[in-house]
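Just so we're aligned, residue 1 is where the sequence shown starts under full-length UniProt numbering, counting upward by one.
Don't take each hint at face value.
[What the hints assert, rightly or not] List of simulated lysine-lysine pairs, PhoX-like, C-alpha gap at most 25 Å: (1) Lys462 <-> Lys413; (2) Lys299 <-> Lys230; (3) Lys337 <-> Lys299; (4) Lys117 <-> Lys144; (5) Lys230 <-> Lys270; (6) Lys462 <-> Lys476.
Calculated directly from the structure, the hints in this document are not laboratory data.
Note that this is a predicted model, so its numbers are computed, not measured.
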Amino acid sequence: MPTTAYAKECGWFLIENGGWAVGEVLKMDKEVMARVVRALDATDLALLTADDLAMKDLLPVPSKPNEVQTFSSFLDRKQARKGKAQAELNRQANPGGFAPSVANAKLAITKLGISMKFDKFHMRMEIEGYDKPVGEAFGDTVLKLRDVVIENFDFDPGQRNVEDAARLLAMQNAFDPVREYLDGLIWDGTPRLDTWLSVYLGATDDELTRAIGRAVLVAGVRRVRRPGCKFDAMLVLEGPQGRGKSSALKVLAGGDDNFTDALDFRQNYKEHQELLLGKWIVEAPELDGLGQSDVRRAKQFISKTHDRARAAYARTVEEVPRRCILIGTTNDDHYLKDPTGNRRFWPVVTGKIDLAALREARDQLWAEAAMVEPGEADPVTIPEHLWTVAAERQAERVEADPWEDTLAALLPKLAKRAEGELRIATSSIFASALAMEMPNVTRRDSRRLGDCMRRLGWTGPKLIWAGDKPVRGYVKEDGMALTDGE
Numbered sequence: 001m002p003t004t005a006y007a008k009e010c011g012w013f014l015i016e017n018g019g020w021a022v023g024e025v026l027k028m029d030k031e032v033m034a035r036v037v038r039a040l041d042a043t044d045l046a047l048l049t050a051d052d053l054a055m056k057d058l059l060p061v062p063s064k065p066n067e068v069q070t071f072s073s074f075l076d077r078k079q080a081r082k083g084k085a086q087a088e089l090n091r092q093a094n095p096g097g098f099a100p101s102v103a104n105a106k107l108a109i110t111k112l113g114i115s116m117k118f119d120k121f122h123m124r125m126e127i128e129g130y131d132k133p134v135g136e137a138f139g140d141t142v143l144k145l146r147d148v149v150i151e152n153f154d155f156d157p158g159q160r161n162v163e164d165a166a167r168l169l170a171m172q173n174a175f176d177p178v179r180e181y182l183d184g185l186i187w188d189g190t191p192r193l194d195t196w197l198s199v200y201l202g203a204t205d206d207e208l209t210r211a212i213g214r215a216v217l218v219a220g221v222r223r224v225r226r227p228g229c230k231f232d233a234m235l236v237l238e239g240p241q242g243r244g245k246s247s248a249l250k251v252l253a254g255g256d257d258n259f260t261d262a263l264d265f266r267q268n269y270k271e272h273q274e275l276l277l278g279k280w281i282v283e284a285p286e287l288d289g290l291g292q293s294d295v296r297r298a299k300q301f302i303s304k305t306h307d308r309a310r311a312a313y314a315r316t317v318e319e320v321p322r323r324c325i326l327i328g329t330t331n332d333d334h335y336l337k338d339p340t341g342n343r344r345f346w347p348v349v350t351g352k353i354d355l356a357a358l359r360e361a362r363d364q365l366w367a368e369a370a371m372v373e374p375g376e377a378d379p380v381t382i383p384e385h386l387w388t389v390a391a392e393r394q395a396e397r398v399e400a401d402p403w404e405d406t407l408a409a410l411l412p413k414l415a416k417r418a419e420g421e422l423r424i425a426t427s428s429i430f431a432s433a434l435a436m437e438m439p440n441v442t443r444r445d446s447r448r449l450g451d452c453m454r455r456l457g458w459t460g461p462k463l464i465w466a467g468d469k470p471v472r473g474y475v476k477e478d479g480m481a482l483t484d485g486e
């Protein structure tokens, strides 16, 4: 039987039955344990084969600078003999003495020919041969990788090292499929960007609708090119349920992989943030069911540029820049609860939605948006001269309050005229107009009154003079006084 030997810093040892030894541990070509016969002498060395001589130079000590090169040679040999898996693995994890390190884990995975990539947009790994993106199943995938390494190379790099090696190898091949999609588009020169809401979603074709449609798609491109850039507006598509609003958004996004319709502003903030990961267009459906506090929460959420979330494979929560745009849908026309601060909502009434035409035009819509994006405003918004028109549309969506009719009828009679304006104390409004005593008025009642008064054109509450003392109240320009003075 040919003599086999193994180079170890402690010396060479001849092993009976054709095996080799590492210190006191024996690793056999066959599933047989053997004893050390003696140290090799000059005669034994003369009988060493070329393969043995090559093994003589291997020094698998972790601190040695040639560790990676040594391990590479080791894997080449073991992969060539991968059919001879050893039963002793359950007794000695690393019979060759190689360090269970990240570097060695990377080398083992690479030698197996496994290709790993990291999808930066969807925040997930892709592994060749694995039939789905690695997300929640990352732990199972690591276990399989570790098992394959052990099976092929009789080497256990350890669970944590395989995890880190997988991440590092994937990051070396990072890519962004949505960015690549946009960069690969060529615009045919036919303008569609300003009219897509009217042509494909049946909206009225006016200057504001054109500006909104343009801004939304440009923002979609910019969020891909510059994740985390500011865009604090949300298009709201209005129209009857079942007309295809959500389907149209899914078409624009390119399918379920880039789209979700599960954003609910009644959920907690953490659920909101993690929902956005890996999505390009995020729909907030049926805004009509939101309460006043939900709408306020929505405004705050829309304005954010980063989210704290944990990717499915990650160990910790990270600050993740937004790559998506938010779009709301509703079948109601009074979904805003607060008369002020609604500039973030861009309402558009939809008509007949042509999904087939939108699907056909999708690439050219994004191609045009990608072409013009560098020259658009920063942050993306509608032109300033349209802000007033937009505010009027937003005001039309504010839910009416029954108090308003009562106040509109009684305030002109109850208010006092002074210095060209109407003045009225808050206590007088509650007592005389709403039949409520101040000790029974809650903070919610006060906020509700303030909303109603502002919708009716009053300012306040603030200090006003009522007789000879200051009180909290509201003021309004006295139209009658202006008329008298003209």
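(message) Name the hints, by number, that the structure is in violation of.
(response) Failing hints: none at all.
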